[in-house]
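*Asks:* All chains, please: the whole structure from these sequences, using the hints.
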Amino acid sequence: MKGRSRKAGLPPGTLIHIGARKTPEPKITIIDYDEATFQERETKAIEECFLFKDKPTVTWINVDGLHQSEILEKLGECYHFHPLVLEDILNTDQRPKMEEYGDYLYIVLKMLHDKGKGSQIEAEQVSLVLGPNYVFSFQESGGDVFDQIRERLRTGKGRLRKMGADYLAYTLVDAIVDYYFVILEKLGERIELLEEELVAHPRTETLKEIHTLKREMIFLRKAVWPLREVISSLQRGESPLVQKTTGIYLRDVYDHTIQVIDTIETFRDILSGVLDIYLSSVSNRLNSVMKVLTIIATVFMPLTFLAGVYGMNFKYMPELEWRWGYPVTWGVMVAIGVAMLVYFRKKKWL
Amino acid sequence: MKGRSRKAGLPPGTLIHIGARKTPEPKITIIDYDEATFQERETKAIEECFLFKDKPTVTWINVDGLHQSEILEKLGECYHFHPLVLEDILNTDQRPKMEEYGDYLYIVLKMLHDKGKGSQIEAEQVSLVLGPNYVFSFQESGGDVFDQIRERLRTGKGRLRKMGADYLAYTLVDAIVDYYFVILEKLGERIELLEEELVAHPRTETLKEIHTLKREMIFLRKAVWPLREVISSLQRGESPLVQKTTGIYLRDVYDHTIQVIDTIETFRDILSGVLDIYLSSVSNRLNSVMKVLTIIATVFMPLTFLAGVYGMNFKYMPELEWRWGYPVTWGVMVAIGVAMLVYFRKKKWL
Amino acid sequence: MKGRSRKAGLPPGTLIHIGARKTPEPKITIIDYDEATFQERETKAIEECFLFKDKPTVTWINVDGLHQSEILEKLGECYHFHPLVLEDILNTDQRPKMEEYGDYLYIVLKMLHDKGKGSQIEAEQVSLVLGPNYVFSFQESGGDVFDQIRERLRTGKGRLRKMGADYLAYTLVDAIVDYYFVILEKLGERIELLEEELVAHPRTETLKEIHTLKREMIFLRKAVWPLREVISSLQRGESPLVQKTTGIYLRDVYDHTIQVIDTIETFRDILSGVLDIYLSSVSNRLNSVMKVLTIIATVFMPLTFLAGVYGMNFKYMPELEWRWGYPVTWGVMVAIGVAMLVYFRKKKWL
Amino acid sequence: MKGRSRKAGLPPGTLIHIGARKTPEPKITIIDYDEATFQERETKAIEECFLFKDKPTVTWINVDGLHQSEILEKLGECYHFHPLVLEDILNTDQRPKMEEYGDYLYIVLKMLHDKGKGSQIEAEQVSLVLGPNYVFSFQESGGDVFDQIRERLRTGKGRLRKMGADYLAYTLVDAIVDYYFVILEKLGERIELLEEELVAHPRTETLKEIHTLKREMIFLRKAVWPLREVISSLQRGESPLVQKTTGIYLRDVYDHTIQVIDTIETFRDILSGVLDIYLSSVSNRLNSVMKVLTIIATVFMPLTFLAGVYGMNFKYMPELEWRWGYPVTWGVMVAIGVAMLVYFRKKKWL
Amino acid sequence: MKGRSRKAGLPPGTLIHIGARKTPEPKITIIDYDEATFQERETKAIEECFLFKDKPTVTWINVDGLHQSEILEKLGECYHFHPLVLEDILNTDQRPKMEEYGDYLYIVLKMLHDKGKGSQIEAEQVSLVLGPNYVFSFQESGGDVFDQIRERLRTGKGRLRKMGADYLAYTLVDAIVDYYFVILEKLGERIELLEEELVAHPRTETLKEIHTLKREMIFLRKAVWPLREVISSLQRGESPLVQKTTGIYLRDVYDHTIQVIDTIETFRDILSGVLDIYLSSVSNRLNSVMKVLTIIATVFMPLTFLAGVYGMNFKYMPELEWRWGYPVTWGVMVAIGVAMLVYFRKKKWL
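Going down the list, the protein sequences come from chains G, R, Y, Z and W.
Each residue of the first sequence is one higher than the one before, starting from 1 at the first, in this note's numbering.
Each residue of the second sequence is one higher than the one before, starting from 351 at the first, in this note's numbering.
Each residue of the third sequence is one higher than the one before, starting from 701 at the first, in this note's numbering.
Each residue of the fourth sequence is one higher than the one before, starting from 1051 at the first, in this note's numbering.
Each residue of the fifth sequence is one higher than the one before, starting from 1401 at the first, in this note's numbering.
Among the hints, a few may not be true.
[Said to hold, decoys possible] Straight-line distance between alpha carbons at most 25 Å, and here's what the computed SDA-like set of lysine to any residue pairs gives:
(1) Lys1048/Y with Leu636/R
(2) Lys22/G with Glu539/R
(3) Lys1444/W with Val1545/W
(4) Lys1212/Z with His782/Y
(5) Lys558/R with Arg890/Y
(6) Lys1398/Z with Thr1429/W
[Stated by the list, open to error] Okay, the calculated beta carbon distance ranges per label pair:
(7) Glu1127/Z with Lys1427/W: 35 to 45 Å
(8) Arg6/G with Lys512/R: 17 to 27 Å
(9) Trp1275/Z with Thr212/G: 36 to 46 Å
(10) Ala1735/W with Thr562/R: 50 to 60 Å
(11) Thr23/G with Lys512/R: 51 to 61 Å
(12) Arg391/R with Thr43/G: 53 to 63 Å
(13) Thr37/G with Lys1427/W: 18 to 28 Å
(14) Glu588/R with Asp1084/Z: 50 to 60 Å
[To be verified] Below, a sample of chain G positions facing chain R; criterion: calculated Cβ distance under 10 Å:
(15) Leu10
(16) Lys214
(17) Tyr278
Everything labelled a hint here was simulated from the structure, so no lab data went into it.
The structure displayed is predicted, hence computed values, not measured ones.
Glycine residues also receive a C-beta, built at the ideal position from the N, C-alpha and C atoms.
*Replies:* The structure is reproduced here in structure tokens:
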């Protein structure tokens, strides 16, 4: 939520980057291709992109780093993007959505990361602008899940180079959704570990881990749930920018999204169950602690009382004088103790 | 809910202000502009507003303070407002809604405030009436989130002065929704603080703070949830009073509203988790208290019993006469104590 | 639910009054008016009503007390009401509903009462039959929320006398819904009281009051929820009996109904929170009780043991002979006690 | 669920009766009537039914007992029933449903029973087949809620004899739904009893009764919920077999069904509340038990310690020699005890 | 979820089998029939299948084992399957779905197994491809629920041989859904066992079994829930590949699916109830343990104190010298003990 309030009261279309500056300097990568030709270059001057605007080839322009709003301003002027689109690209706490603007489509999604083992999941906003012969992708920082796509473009294998810009956009969305499965698999492993730990040796940390995982599920669901609608409306093929053949592929991504949502829901259910088990194991332990206490107290209180009685200093206590008083008292004590234990065993406390 | 019952049984259209009188005297501000001209004045006589009724320029009339119902009566007569609209403006416990009346639109929303740090969130009802060339805004008290809009109107920068009354209405709604993010950010900080406190040092006050926050979420949701529908029906552009170009901007506000609702839901989920952690930390503490008690009782009860036995006054107790009776008894006692502790360590209670 | 089973197996349209006989004798009140004329009379003979059937003026016939089914039978014959309508009027456990029968509309709603302070809410079924120039209202007992309407009819102030029968029906529904706010306000006060009590001095009665309130919410929701649909279908103006101008007023009642439902839901959420606080305050108290017990036991058990040791009667106990044995033992005891207290303070139990 | 698995793998339309054989021999009752004539006969030979097939009068054929599948086979052949209909009649674990087969409608519902006081509710599947001039009803065993309908047919009072087969089918459905109210009333009484018991003297059996009732609610809901849709689709009058005039009566049954569902939901809510009260009364009792223990322990532990101190056998204990040592010690003990009790009273534990 | 991440980043249509290799070598079975002829053969060369492509007879080709992707590749080429279909067949963690591809329908479902008593339920993905005159079925491993269908095809009894490929597909789906009832019946038995155990002798293992069953319900629901939509869209008969007469049979399977879902929901409700009973029986036991402890402590603490008092060594303790001191003390002690027990009986603790 942080940083969003800085924009309160400013006119719509004001270009202010929300969120931390994640990369030292914006980096622009241009890939231009059709079935026959392929060209890739890296630049810092956004003006280079304008050269590709009217070429019939498909152009993919990727921008890493969003804190220099001039880049977007120039782009917006050249490609006639709506000021709200430019604003939304910089608003990195958007929920996934798709908007049609006649000439181009604007798509927002969340790319999930996890840096190393046991670390938290991070989400990065990726904005796509799909035009008739170009795709813009805007990322908050460098490092993405598109490397294999770049490789496929370079080598020219498969369908990708033969298809239009809409297929490229699909491929990017597909790569992002596919990576969700990687994230989910890791979460699944953490849940399994948690369950094993719960059985073997429940600790207070277990509770915290349960809640960390629960919160990550909330976080994930928020990132994935609206995607369902986004892809569904893309697939329904109402925009002339998305061809029918690409629609079938989008249906495939749609299925994957549903599967991701399903898995998140299942994980949530499992975590609720794990929490229940944890809580009832805590109260079970309380029960067994109380039983030990009760058994000890119940056995020794009467005995101590008896010992107390024969420790009294009355002058006339006939038992004290009696030759067998001491051993008989011991006998009675042992009998009481054994009787108590038998009683507890009968009550299944032992 | 307070005050609403005062109106039970009265005929519809009766002008009674519900809620506390929040401002000493109503204040009327008139801003009249088009791209070229700008005029701003403050008055107490509502009749001044009527001068602007037929001018082609856009007129924004803001009324602070609702307890003098004559103002509304005169306004209603001059502008031909439906009696129910006038009644609803004074009914300050409305839920957000939008109603079409042919010549004008009537919009109700909730403006959120928070007075200083740690204070409760307050909601003030703002009623907008959007006509072909005028916008009325009615507030319960002075002080609002529109100052930056006034400034933009005065300086004439940006799109605002060039657009019609519908764009002005959009700008007002946008300003209110934008301020929700400020409120949410503050709530988010309070939740974070709560969580830190929970880990560091849980107290009974923590529970109360959790429930205060939960209730504020209920309150917020009630204020924001119906807004979604309001803006959605505005944006669908069915009314001729809202132009198509403004529709795109309304879609933007719509997205923000969804985002606010999403965040509220996430906060609710997080608060539920926080409550769970609090409750199970309470029962964990009970567990550890009981363990201490049980360990102490289990160690000392047998020992005290033994001491009691050799405190008995039987005449014939051979052990008492024995030279090593005392040290051996000590030895047995220490052995019992150590055995108990070893047992507890094995059971992971220590 | 009571009494409903008496009707099992009887043919449809059988006129049996369900529920207790709430009024000694049925009372019929006839109000007949148009803008110019006004006539009001009270009778016991239903036949009088038939005189007004074909007059162009608006006739409002109110029947208090339903246990004399002949009245309904005669009415049904004269006005050609469907037997199921007559049956439903006597079935006083209906849920609110609206049914169109060509010539007339049949509307059922629940009028809420509360008799005095702190008493339970009671619901009375009110059936309305709206024809082209008449409104019938059937109540189980005398005493209703329509007195102000009668007054407005008599004095002829306002819109009411100028409008048709549909506006009268609207006015009746509006009066009933308006009274819901009175009931809700009283419930709100009870909830506030409950919360204050909870903080000041929670008792077992608090729990019962929570559940009484919860059940009243269930009861209210059942009475109000279907009303939403009833009014919505009235307002949509599909029936020729409801004029367009009345539709705007019905939209207003619709808004009120939504507001009532909203408030009920909020109250339910608040009551859940109150229950949570109550329950966790109970377990907090258990915790503090246990702490006291544990502290006392942990401090005194070792001390009692020590006293027990030097109460043993062994012949050879060198400490007993020692000159400083007694004061040193006291010193050790005080030291142990202090150490324990320091330990507990460190653990934040004190 | 039992018995359903026997059919796994068999071809569709295989006639196997699921469930226990509830009646020794199938019994067929034929009632044939129009406004003027009435005929009733009982038979064991299904062939008799075929005589009525082409008569213009309305024929109601009731079959008690389903385990002789030949009856159904012959019937199916003669009346051209779809094999799946025949199969479904024997599948007595169907959920309520309605299926159109052109010439006839197939309706499944659950007839509820309760055998004597305090016994469990039993559901029996009733299948209706409604043709142009016949109604078949299939029951698992003898004994039903249709006796009053038979009586009405015999005496010829009321509407029933004048109407067609669709009205007869409506009457049967109505009788079944009406009996739900009887069952609900009994359940309501059990819930009331439970609540009284809960207040007066909560026991472990109370918990079991709560859960028995909860499960019966699940069971009931499963039986009634789909009925809503069944009757709604009947009423919408899409089938030419159901006349418009009957539609109004079906709307009445529909209302009753909604009311039954409403009541079930209310009962579920009430039972949840009852469970909450039970659980918190259990934990309240634990609290009060712990308080007694703590008070006793806190009062007597210091006293016992003191008594122990003066029971020590040190040679030099000046207090022991002191003339007032014993009474002063008693005084101190009483003072300690009183102080503790005052402390507990202040803490509201007494 | 396992294995799914291996595919991240690969182009769509890449044939990689997800999941363990469950069968040593793929096995292809071809059954070709019409009403007159029948032919069955087993092969390892997929090319044999191509012979049947253009024959008017119905061909059912079943493939057990999916890890040799060449088989699918060849099939896809010959029958012109979309690459995504081939990919989905190998993606064995699909949720049930149905996709239309003009010439053929692609259906995914989950076949449920259970290997022996008390073992976990296993799900195997079955993919069906339904063309105008062929049905392909793909299974992960050998062993299925189709044996009775094969038998019916061989013997030629019943409807099956006379109908088209769509009826065969229906039969396969029906067999899979029918087996769900077998699985549910076994689960029902386990739940019943659980409940009996809960009443007789609740153990910690009971809790684990409850959660195992709960998770199996989640698992089942995930497998069955989407099936509802699959069959519903098949039945609506929008595809020309499914004939109208088959539609009625599909409606039957649809009913069964709803019934399965209903039963799963009921089981979930019952398991929640069982968990509640378990948890409250645990806290009831704690209560009874605490009562025993409290009774013992409350009876013996005052007695032990008294014994301690008369064990003190004060020189001047008149009671000690008194002739009846000892028996009177005993009397007082017994009186205290009896008074305590009477008090507890009155409080219903005994």
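*Asks:* Give a verdict on every hint.
*Replies:* Results of checking the hints against the structure:
1. Lys1048/Y with Leu636/R: holds (13 Å)
2. Lys22/G with Glu539/R: holds (22 Å)
3. Lys1444/W with Val1545/W: holds (22 Å)
4. Lys1212/Z with His782/Y: holds (17 Å)
5. Lys558/R with Arg890/Y: With Cα atoms ~20 Å apart, Lys558/R and Arg890/Y stay inside 25 Å; holds.
6. Lys1398/Z with Thr1429/W: Violated, because 81 Å separates the two Cα atoms, which is more than 25 Å.
7. Glu1127/Z with Lys1427/W: 35 to 45 Å: Taking Cβ atoms as reference, Glu1127/Z and Lys1427/W lie about 43 Å apart, which means the hint holds.
8. Arg6/G with Lys512/R: 17 to 27 Å: Distance hint for Arg6/G, Lys512/R holds at roughly 26 Å.
9. Trp1275/Z with Thr212/G: 36 to 46 Å: holds (39 Å)
10. Ala1735/W with Thr562/R: 50 to 60 Å: Since Ala1735/W and Thr562/R have Cβ atoms about 54 Å apart, the given range 50 to 60 Å holds.
11. Thr23/G with Lys512/R: 51 to 61 Å: violated (37 Å)
12. Arg391/R with Thr43/G: 53 to 63 Å: Cβ of Arg391/R to Cβ of Thr43/G: about 54 Å, so the range 53 to 63 Å holds.
13. Thr37/G with Lys1427/W: 18 to 28 Å: violated (48 Å)
14. Glu588/R with Asp1084/Z: 50 to 60 Å: holds (56 Å)
15. Leu10: holds (7 Å)
16. Lys214: holds (6 Å)
17. Tyr278: This interface hint holds because 8 Å falls under the 10 Å limit.
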